[in-house]
Each structure stands twice: as structure tokens, then as C-alpha cells.
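Chains A and B are the protein sequences, given in the same order.
Residue numbering for the first sequence follows UniProt numbering, starting at 1 and increasing by one per position.
Residue numbering for the second sequence follows UniProt numbering, starting at 1 and increasing by one per position.
Heads up, some of the hints might be wrong.
As the list claims (entries may be wrong) - Some chain B residues close to chain A (C-beta under 8 Å, calculated; not the full set):
{"no.": "1", "residue": "Trp23"}
{"no.": "2", "residue": "Arg24"}
{"no.": "3", "residue": "His31"}
{"no.": "4", "residue": "Gln40"}
{"no.": "5", "residue": "Ala61"}
{"no.": "6", "residue": "Phe74"}
{"no.": "7", "residue": "Ser81"}
{"no.": "8", "residue": "Ile142"}
{"no.": "9", "residue": "Leu173"}
{"no.": "10", "residue": "Pro201"}
What the hints contain is simulated information worked out from the structure, not anything from laboratory work.
Even glycine gets a Cβ: it sits at the ideal position worked out from N, Cα and C.
Protein chains: 2
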Amino acid sequence: MSQDSQFHLNAFLMGVGHHEAAWRHPRTEAHRVLDVAHFQELGRIAERGKLDSVFFADGLAVGPRIKHNTQAIFEPVTLLSAIAVATEHVGLIATASTSYSDPYTLARKFTSLDHISSGRAGWNIVTSAGADEAANFGVDGIPAHSGRYERAEEFVDVTLALWDSWEDGAVVLDPETGVFADPGKVHTIDHDGPRFRIKGPLNSPRSAQGRPLLVQAGSSESGKEFAARYAEAVFTAQRTLEQGQEFYRDLKARVVKHGRNAGDLKVLPGIVPFIADTEEEAKALEQSFTDLISPEYSLRQLSTMLGVDLTKHSLDAPLPPLPPLDEIQGNKSRYQLVKDLAADGSLTVRQLIGLLGGGRGHRTFAGTPEQVADELQTWFEQGAADGFNIMPPYLPGGLDDFVDRVVPILQQRGLFRTEYTATTLRGHYGLADVDNRFAGVVDEASA
Amino acid sequence: MSQDSQFHLNAFLMGVGHHEAAWRHPRTEAHRVLDVAHFQELGRIAERGKLDSVFFADGLAVGPRIKHNTQAIFEPVTLLSAIAVATEHVGLIATASTSYSDPYTLARKFTSLDHISSGRAGWNIVTSAGADEAANFGVDGIPAHSGRYERAEEFVDVTLALWDSWEDGAVVLDPETGVFADPGKVHTIDHDGPRFRIKGPLNSPRSAQGRPLLVQAGSSESGKEFAARYAEAVFTAQRTLEQGQEFYRDLKARVVKHGRNAGDLKVLPGIVPFIADTEEEAKALEQSFTDLISPEYSLRQLSTMLGVDLTKHSLDAPLPPLPPLDEIQGNKSRYQLVKDLAADGSLTVRQLIGLLGGGRGHRTFAGTPEQVADELQTWFEQGAADGFNIMPPYLPGGLDDFVDRVVPILQQRGLFRTEYTATTLRGHYGLADVDNRFAGVVDEASA
Numbered sequence: 001m002s003q004d005s006q007f008h009l010n011a012f013l014m015g016v017g018h019h020e021a022a023w024r025h026p027r028t029e030a031h032r033v034l035d036v037a038h039f040q041e042l043g044r045i046a047e048r049g050k051l052d053s054v055f056f057a058d059g060l061a062v063g064p065r066i067k068h069n070t071q072a073i074f075e076p077v078t079l080l081s082a083i084a085v086a087t088e089h090v091g092l093i094a095t096a097s098t099s100y101s102d103p104y105t106l107a108r109k110f111t112s113l114d115h116i117s118s119g120r121a122g123w124n125i126v127t128s129a130g131a132d133e134a135a136n137f138g139v140d141g142i143p144a145h146s147g148r149y150e151r152a153e154e155f156v157d158v159t160l161a162l163w164d165s166w167e168d169g170a171v172v173l174d175p176e177t178g179v180f181a182d183p184g185k186v187h188t189i190d191h192d193g194p195r196f197r198i199k200g201p202l203n204s205p206r207s208a209q210g211r212p213l214l215v216q217a218g219s220s221e222s223g224k225e226f227a228a229r230y231a232e233a234v235f236t237a238q239r240t241l242e243q244g245q246e247f248y249r250d251l252k253a254r255v256v257k258h259g260r261n262a263g264d265l266k267v268l269p270g271i272v273p274f275i276a277d278t279e280e281e282a283k284a285l286e287q288s289f290t291d292l293i294s295p296e297y298s299l300r301q302l303s304t305m306l307g308v309d310l311t312k313h314s315l316d317a318p319l320p321p322l323p324p325l326d327e328i329q330g331n332k333s334r335y336q337l338v339k340d341l342a343a344d345g346s347l348t349v350r351q352l353i354g355l356l357g358g359g360r361g362h363r364t365f366a367g368t369p370e371q372v373a374d375e376l377q378t379w380f381e382q383g384a385a386d387g388f389n390i391m392p393p394y395l396p397g398g399l400d401d402f403v404d405r406v407v408p409i410l411q412q413r414g415l416f417r418t419e420y421t422a423t424t425l426r427g428h429y430g431l432a433d434v435d436n437r438f439a440g441v442v443d444e445a446s447a
Numbered sequence: 001m002s003q004d005s006q007f008h009l010n011a012f013l014m015g016v017g018h019h020e021a022a023w024r025h026p027r028t029e030a031h032r033v034l035d036v037a038h039f040q041e042l043g044r045i046a047e048r049g050k051l052d053s054v055f056f057a058d059g060l061a062v063g064p065r066i067k068h069n070t071q072a073i074f075e076p077v078t079l080l081s082a083i084a085v086a087t088e089h090v091g092l093i094a095t096a097s098t099s100y101s102d103p104y105t106l107a108r109k110f111t112s113l114d115h116i117s118s119g120r121a122g123w124n125i126v127t128s129a130g131a132d133e134a135a136n137f138g139v140d141g142i143p144a145h146s147g148r149y150e151r152a153e154e155f156v157d158v159t160l161a162l163w164d165s166w167e168d169g170a171v172v173l174d175p176e177t178g179v180f181a182d183p184g185k186v187h188t189i190d191h192d193g194p195r196f197r198i199k200g201p202l203n204s205p206r207s208a209q210g211r212p213l214l215v216q217a218g219s220s221e222s223g224k225e226f227a228a229r230y231a232e233a234v235f236t237a238q239r240t241l242e243q244g245q246e247f248y249r250d251l252k253a254r255v256v257k258h259g260r261n262a263g264d265l266k267v268l269p270g271i272v273p274f275i276a277d278t279e280e281e282a283k284a285l286e287q288s289f290t291d292l293i294s295p296e297y298s299l300r301q302l303s304t305m306l307g308v309d310l311t312k313h314s315l316d317a318p319l320p321p322l323p324p325l326d327e328i329q330g331n332k333s334r335y336q337l338v339k340d341l342a343a344d345g346s347l348t349v350r351q352l353i354g355l356l357g358g359g360r361g362h363r364t365f366a367g368t369p370e371q372v373a374d375e376l377q378t379w380f381e382q383g384a385a386d387g388f389n390i391m392p393p394y395l396p397g398g399l400d401d402f403v404d405r406v407v408p409i410l411q412q413r414g415l416f417r418t419e420y421t422a423t424t425l426r427g428h429y430g431l432a433d434v435d436n437r438f439a440g441v442v443d444e445a446s447a
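Produce the entire structure from the sequences given, and follow the hints as far as they go.
As C-alpha cells, then:
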């Protein structure tokens, strides 16, 4: 069981819903994928439910998704900035890749969101695995898995240093003396590493929460080590309670091995909830989405996920044999998950696509509000979760239902906050203040 | 005289005002430099005045400004996103550098702002000249002037191609057939140049105005050629009507030489207006700001501007001899402007600092609302401007005064719009729709 008595909730938002056919379903209005007001509304709904945060994923290529998929229209930090000014409490997490950006630019972008939101920004750290993304940044083929993580580590180290480059209290703003900032509290970082040389300081002061929350979602061996070292929240796809418990134990042990407290990292498994008055209605609702899946799109999506071309494969035959894990340079954990699902050879490709349609490998759950609450409570109390990554299959309705029907039950059971008690995203997740490595350091340049 | 009967107005916004001592003056509240609501208010004031656009500059280093200067807290595109959702009409222009970013990332960021604002985004294209900025991106010393512009040209070419990679109408959004986008209208760009290799397409559809407005502010020889080729609006520092006319004639001739219409580029000289009921009061107001200048800060600022260390120089002696223009790798036009001001040797450094304090080389003008309006009308009618870059010395008051006291006079004289007649930023500036190079092209990959 978690150390905490209450758990955490993040709303993972995507277009008009996570289900890949969401935009075709009568419960959504497809055109809202292009409407910033839709996303502001989602932020306000999450805030009505006292959720810790909302989250937008991102990618740096269109990939195989052009024809049938609605994602990736807004760059998430610019989108979250528009949501920040329409909300007051909810945290704002965005994916950004360490593979194709500069630490100075990324640090600045997230600090800017952190200032705009008064300390509610979070960074989901990803490395970019795809050949499609590489081709938009002058790189041929698929970048090697290990090199991506080596770059990511140096990238995060230097980004953290930039976020420390202004101490708390560096901004003096004294009109009388004409002093804007105390140069003794603004530091160069003088980083000189294998991939980055950066002098600093960052051109923006420290934010209200010290620095943005660090989030991570890789579940490969390198991904888990990376998370254990840096992450404060982890999004993960776990399909059974046992798998969730094993992942939770494993990751917490790694966190402790890295000299951190187990509670310094919150494990948030994903769940795609279909909610209705009865279990039967919930399952029928899920089926109504599955029925709208476009096999052509799904085969391309699955091919990309596995790194195996399935676009000519029969929908009604089992999955062909897959290459061994160590040949995979892309998303290893998602690859393993699909391989496990298809292991006994009983699933046709069509059935597999149906299973993956809700949340691309994340667990779907169809039930009553009580059943959803029970499921979350069980995972939390049985040591599989510090909270959950809620992935509404359709939006805004699926988020409305979770907030208005499931959250009150969780609150009645004492499992979730009834009011915000902190003002920052780090505060919502119950994380300690961040020390600043430069606090009190006198460096020559600024003396 | 301009071809148009009305001119254009951009509000160049910076902290609590352009005057370097603005934040020390009783007409401002210094802490608002950190307050996003302040900047949203400025956007709404500009919109109340029916201004074409607001603009935020940017830099990628703290530079010599830490102690006495209040700039560069927010990254401008994230800031404009927050302003976009607080306004309906006014254009939103941000600086971004071609020196230290990737075209794919920059194209996406501005397209995202363009979607969030329904077609009101503009990009002020800059190259980064400073050693301080270079040191934050692994580059030693000051990048050569010519190399910066060569990179900028390829950068803009490929960014324009990315913005064309989705045709108008590519987004189908048909729930019945399950088609989100028409792959025949989404194109790879397959750019393979000396500095960038980018496949495309961009991961965001074409915006309501086709693509963001292109703005430029370099006035060096390379800068003017670059502007003549690409820019649709140019911000420029011109201190006298004659200099303004010469710049205007020169730039328009270059535009025509590049095969464009003279009207395809709008010339917007900067002006820092001190507005009061009488000329005497306006001049006293300006003096009250000059009196608050911190010489220590200004000497560092001037040293950076000139690339000459003046921090040990006496404030009451004339400027020392300056190196020839062709040795300058930084902002050549600003260098020449200061050199011209100091040419006859009669100005002390302190006097020079006072002259530059309002707008860092841009023209300051102190007078009544009628005198400010007269001045703008003269420049417009005498062939020195298609509009103006209004740089309020203090904010929000200085923008309030311009909007509430000068704009009505301009409207009465028929020189400025009384209502918005267009819905996009390109529309406000009277620019034609943008052709799409890929319209109707059938490429194999997507067929």
C-alpha cells in the first residue's frame, strides 16, 4: 500500500477522446479537435473534480496517422498556456522530447508556462524513437535506444541546472535603488558535457514551485532507470493488478537505490474508463466505440507500434511471429505489452486492434461509477498505484462522467481531496520543495 | 506617399514599458512584469484601439541586463497564447531566432499559436548576433553576420514549405467515412539543403490565414535584402523624416527588385510617444523618466550595442572613437545609428544614454495627442511609413494614452480604421491570401 492515505489523479487529454474512433462517435463533436475553447473547457472540468493535473502528449511527425487520426494539432505548451489562464488550480503537464530540442529553449518554454500558471507546469520527458520524427530533424533511420537515453540524461541534468540558475529571491524589483535582480543570486551554470555546452543563466527567474514537475512514461529497462533517477510522477500502461504491483515494487526499489525516498516518485497507471449506470450499459458503450474503429488506420498504428509492417496482413488471422525484444529500437515496453497479449496465439489481429483501440495498450475498464471507484481503490490499496492517469475515451463527456460520478465516490471514501490544499503542481502531488544547488554560492562572474 | 489611404499600427510591448527606467517610475507597477494578467490587459487595450497587432521581442540570454533590467521573463509565444484567448481581433507577433532553433519546431510553435488565435499569429524573424546567446547553445564567440543570414534564408524557405504542407481543405473530419484528413492534400516537403534536411509534412494543419505573417527588423544590408525577399512588415528605427524616407524608398525598391509588389511589405518605423495635455508637460514627463536612468546599466547596454567596452568610460566625456562598421558582427544598423548620433563629438556619453533610454535608438517624441497624430500623418503622407511601431515608454498607461487620445484623432482624420474589417492578422495588414505551392500536387507517398 502507498504511504499516502489519498491518491492522485491526472487527466490525460487527447483531441475528443483517447479511443481512436472517438471523433466518429455521436458522443463527440469532431470539429472541436481544432477548438482551443474545447481544451480550456476540459481544464475547467478537471479543476471542478479537484484533479492534480491535465496532460497532453506530443509527437514530432504526422506518422501513419494522417488519414484517420485527429491528434497533434496544437503544440502542447502553447495549448496549456491558453488553459492556464482559464483555470486557477489544476496542474498542466506537456510532453517534450529531449531528442530534438535544446535544453536552453526547453527550460525557457516550461519556465514560461510555470510563470504564466503561477507554478503549475510539468514536463513529461520523452525521447523520440520514430524514424518519422528523425526525418524531420535531419537524422536518418531510427535513433538507437541507448543513445537516446544518454542524451536524455545530460539534457535533464543541464535543464535542472538552468532551472536553478536563479535563486529564490533573486528578483529584487526595488524601484528606489534601481535594482531589478541581485546578480549574486543569478548564476552561470558553465556546463561542458559530451553533447551540450551551455553557459547560462536562464533568461527567466525561478518559478513559484521552484521548477516544473518531472514526469516520465518509459517502462523499458533504460526508461525505468531514468524514471527512478529523475521522475516525480510516472505514467505507465499496466493491464492487470499483478503486473501493476510488480511494476510498482520494481520502480520504487529502483528509486530507493538511487538514494531517493520511495514517496518522491508517484506511480500512475493509465485507465480508460467507460462509465454508465449499469455494467451492461458500460460494456455496450465501449462496444459502440469499438465498432467504429477503422481497420486500415489501426493496422498502420499497430505496425508503427511494433515496427513490423502489418498493413497487408489479414485482420482475421493471428498476429505473425514478432522479432525478439532486443531488436526493437522504438517503444520497447509497448512492444512487450502487445507481444504478451498475443502470446497464446488465440487473438486475431482484429481482436487485438479492438483491445488496443481504447488506449493504445492502456487498460480499459467498463463499469458503473462504483465499479470504477472500486477498481482504483483496489489498485491503490494493493500496492499497484499512487494514483491514476485517467484517459477518457471520449471528450468532454467521458471526463465529465469521471469527475461528476466517480470522483464524489472517491471523496466519500476519503481517497481523494475535496478541495485543493496546495497552490502548485508539486504541491498537489505532495512533493517537497526543490533545493537549489546554487543557493548561497558566490561566483566570480556575478560578484 | 503610401498606396493605402490608411496606415497600420503595431504596439511593441515590453515589460512595464520601453523606457529603460520605466519600472522605477511612479506611473508603473514594477511587479507586473511577472504578471500574465498585465500582458492580457495590454492586448485588450490594443484591441480597444483597433490596432493591427501587438509584438513581443525576445533574446536567448540574460546578457548584461540582470541587475537593472526587467525584460525577458516570458517566452513570447507562450505569452501570446495567453493573450490570444483574452482577445478576439488583435494580431499577435513574436520574435524567434533562426540561429538556435529547428524549422520543424518553430513552424509548429507558430502554427499552434495561429490555430489558438484563429489566424492572428506573426513571426518576427531574427538572427542571433550576441556571444551571450551563442554560449547558451554550444557556440563559441560571435557568429559571423553573413553565415547567420545564409542560415536564416534556408530556415525561412523550409518553414514556408512546412506551412504549405497541408493544403486548405485537407482536414475533412468526416465521421461517416472515418476520414480525418485527405492524404492527397497533405504533402512531404523533402527538403535537403546545406543546413537542414526535413521530410515533413508538418504535424499541424494549415491555419485560418494560410500561414503566420512574416516580420523582420534588420536594417543592415543583409537585413534589408532579407526583408525585401521575405518580410510582409518591417520594424525599423528611423530618427528623422529624411532618414525614414530614404529607408522607405530603398526598401520598397528592393521589394520590387525581388519581383514583389511594393505594397506587399509594410514599413513601420518605431516611435516612443510621451503624451500629455501640453508639449511642456510631455517633455517634463519624458525628463522624469530620463532622470531615473541608471548609468551603470546604460553603460553596459551601450557597450553591448556597440561591441565596445564603455563600462570604465567617463559619463561626461564624449564617446571614444568607434571601430569601422565592417568590423561589427552584431547589430550593424543600430551601431551605425549610434555612430551617427555621436558623429560631431558634441554629445557626452551621459547625453547619449538619455537619448537612447526611451527606445534603444528608436525615435522618442514628446507632445500633445494632436502633435503625435500630426507627426504620424506627416511620416505617412511624406513617404516614410506605411504605419508605425508604437513603443509606449510606460505600460499600461502609455498605451492607454495612445489608444484613447491619439487613435481617435487618427480615426477622425480618416487615417486609421474605426472597426476591424478583417479577421486575420494578414487581413489587418491588407495582405493578399497566400498561395500554397503544393495545391493540386499529387505525390506518390500519399497517393
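Here's how the hints hold up against the structure:
no. : hint   : verdict
1   : Trp23  : 7 Å, holds
2   : Arg24  : 4 Å, holds
3   : His31  : 6 Å, holds
4   : Gln40  : 7 Å, holds
5   : Ala61  : 6 Å, holds
6   : Phe74  : 5 Å, holds
7   : Ser81  : 4 Å, holds
8   : Ile142 : 14 Å, violated
9   : Leu173 : 5 Å, holds
10  : Pro201 : 5 Å, holds
Hint 8 from the list above is the single one not met by this structure.
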